[in-house]
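Start from chain A and add chain B according to the hints.
Chain by chain, the residues:
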Amino acid sequence: MNSLKVATFLAIKSIARGNVRVLVLTILMLILVYLNLLFTPALLDGAVETVNNKTINTMSGDVVVQAAGEVPAIGNVSELVSQIESLNGVSAACARNSLGADISYEGERATTVVYAIDPDQDSKVFQISQNIIEGSYLAPEDTDQILLGVQIAGNDRKDLALYSSSLKSVHVGDRVSVSYVGGVQKQYTVKGIFYTELTQGDLRAYISEKEFVTMNPLMTGKASFIHVKTKDNVKLESVIEEIKGIRPGLKFQTWEDFEGFLRSMTDSFKQIIVILRATAFIVAAITIFIVTYVDLVNKRRQIGIQRAIGITGASIILSYIFRAIVYAIVGILAAALIFKYAVVPVEAHYPFHFPFGDVFLPVNIPYLISSALILCGVTAVSAFIPAFRMIRIKIIDAIWAS
Amino acid sequence: MINVKKLTRIYKLGNVEVKALVDVSLGIETGDVTCIMGKSGSGKSTLLRQLGLIDRPTSGQIFLDGDDVTRLSDGARSRLRLTYLGYIFQEFALLAELTAHENVYLPGMMLGGKAADYRNRAEELLEIVGLKERMHHKPKELSGGEQQRVAIARALINNPRVLFADEPCANLDTISSERVMGTLVKLNKELGVTIVFVSHDPDDKKYANRFIFLKDGRQVPEYI
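Quick mapping for you: the protein sequence lines, in order, are chains A and B. The first sequence: position 137 = 137 (this note's numbering), numbered continuously. The second sequence: position 34 = 1034 (this note's numbering), numbered continuously.
No lab work stands behind these hints, which were simulated from the structure alone. From a predicted model like this one, the values you see are computed outputs, not experimental measurements. Beta carbons are placed, not taken as given, at the ideal position from N, Cα and C, and that holds for glycine. Treat the hints loosely; a few may be bogus.
Claimed, not checked - Chain A regions said to be covered by chain B (calculated; three or more residues, Cβ under 8 angstroms):
id: 1; region: 8-16
id: 2; region: 217-229
id: 3; region: 302-309
Bound-form chain A, shown alone:
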């Protein structure tokens, strides 16, 4: 108890009456370390979140239901969609069919997958209708019209990632030829062009379910996929279990399973976050170690005197640890305020633009707290090591050895 009291006393006096420039520079360094800890992972987190949201809202929904085994499609699909929608954790569901196709326009050809949708039902699950950049969304009765992703249409946007393999200059009202895998050939008028910013999603084309059934009457009442949108904070596993209870023998994918190569990208981002985090902690550790070490070297004789007059080694070590933790806490608080009230608002005004959309910095409170605690721990250990080594030097050497 006395050791704690003396350690606190020595730490306070050292901070209050020590070298102001060293104090300010150390805290400034820790502010930068903590800002770095928050900023880059937040940016990558924001990117991962954007990719995930776009995947869910434009391609997969939260859960994808497919026919299993050798059965090519889910039958009696209207009834199943209604039953799924009546589940507690589900907010909407829609059915889709898909067909591989080549689309051509004025000598240009592009390969794509055409999805047949019920536009009204589909927009309850997906946000394609909110990403129309030219023309309008499909209506249930549209039979000779098609909705194209911008990476297929080209839309005279030469800055698009896949412009060279697109139809280059398709606009609303243009007629395109579609050759389906089964050999059916159709002409459609482009009703709308959408741009979700997720390249994979923008490589798709959509027609109405009515048009699809006209071409494939045997598929009436059937679907390749049912996409399910769940309510917030619902466990996907429990929804899947409930759907299994309604109709056994189906196959399920969560949006994470569906992400495919995007998932490897988001996984890489997560690994980068871990590496950056570890690097920031190492920088913080080295900073505090150097500051403590230099201070200890300069005060070697004074520490010897403290020990000679009966101040315990524990008090001296603790005083350095307390001082490092104070530096860390001040740095963390200042950096957190700068991040929340300066960096995040400025970034929101001028967001970073990634190929899959604008990325905003999320303020992740649990991450903020865990980083702050780890930083405090790292600085404490970094102060402990040189202080402990100094205490092991003989008093006589600390005071009199040059």
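Showing chain B alone in chain A's frame:
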């Protein structure tokens, strides 16, 4: 009170062994003012550091009130230095970031008790050494003599039985030296503190009633 038997301290400087103390034996009684005398390099400070439990002897034994303290752990020695012994260094050895008052009460805080008690005690001691009015000054704002008197007050904060002073006037002018030595003698007479001090100045004999003479690390009968 203090008994020393065949105390030897050998320092190793690379491959060379330096015998700083060789087979020194002595006894110091309660209330004595003992002066350790000898020329530069005779082993005076080395002997005082052994007695003050700041260094460990190579061989021999030190007894405090009959207890062998030679091989005590660092923690136990630290406790003894805090409660039983006071030590005044030759060089001004105050903590630069603390005021005179804080320097004095720091060992009191380490020992424990109420803050008001050790703060008041520190103030009283600074008054005894004539520095009460300068108690809120930092060491760099005090003269050498004043700093040494603050160090004396600090050494007394926990009411030590023995006060060790390693050439306390070595860096002081004559007037300051007289004042510091006068303070030590006053403490001996008024508070009964046993004092052991090191000096190479024959004039300092007048302050002591017991003498230990050293030459080349060995005890000799007279100052030569």
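So, going through the hints one by one against the coordinates:
no.	hint	in the structure
1	8-16	holds (count 3)
2	217-229	violated (count 0)
3	302-309	holds (count 6)
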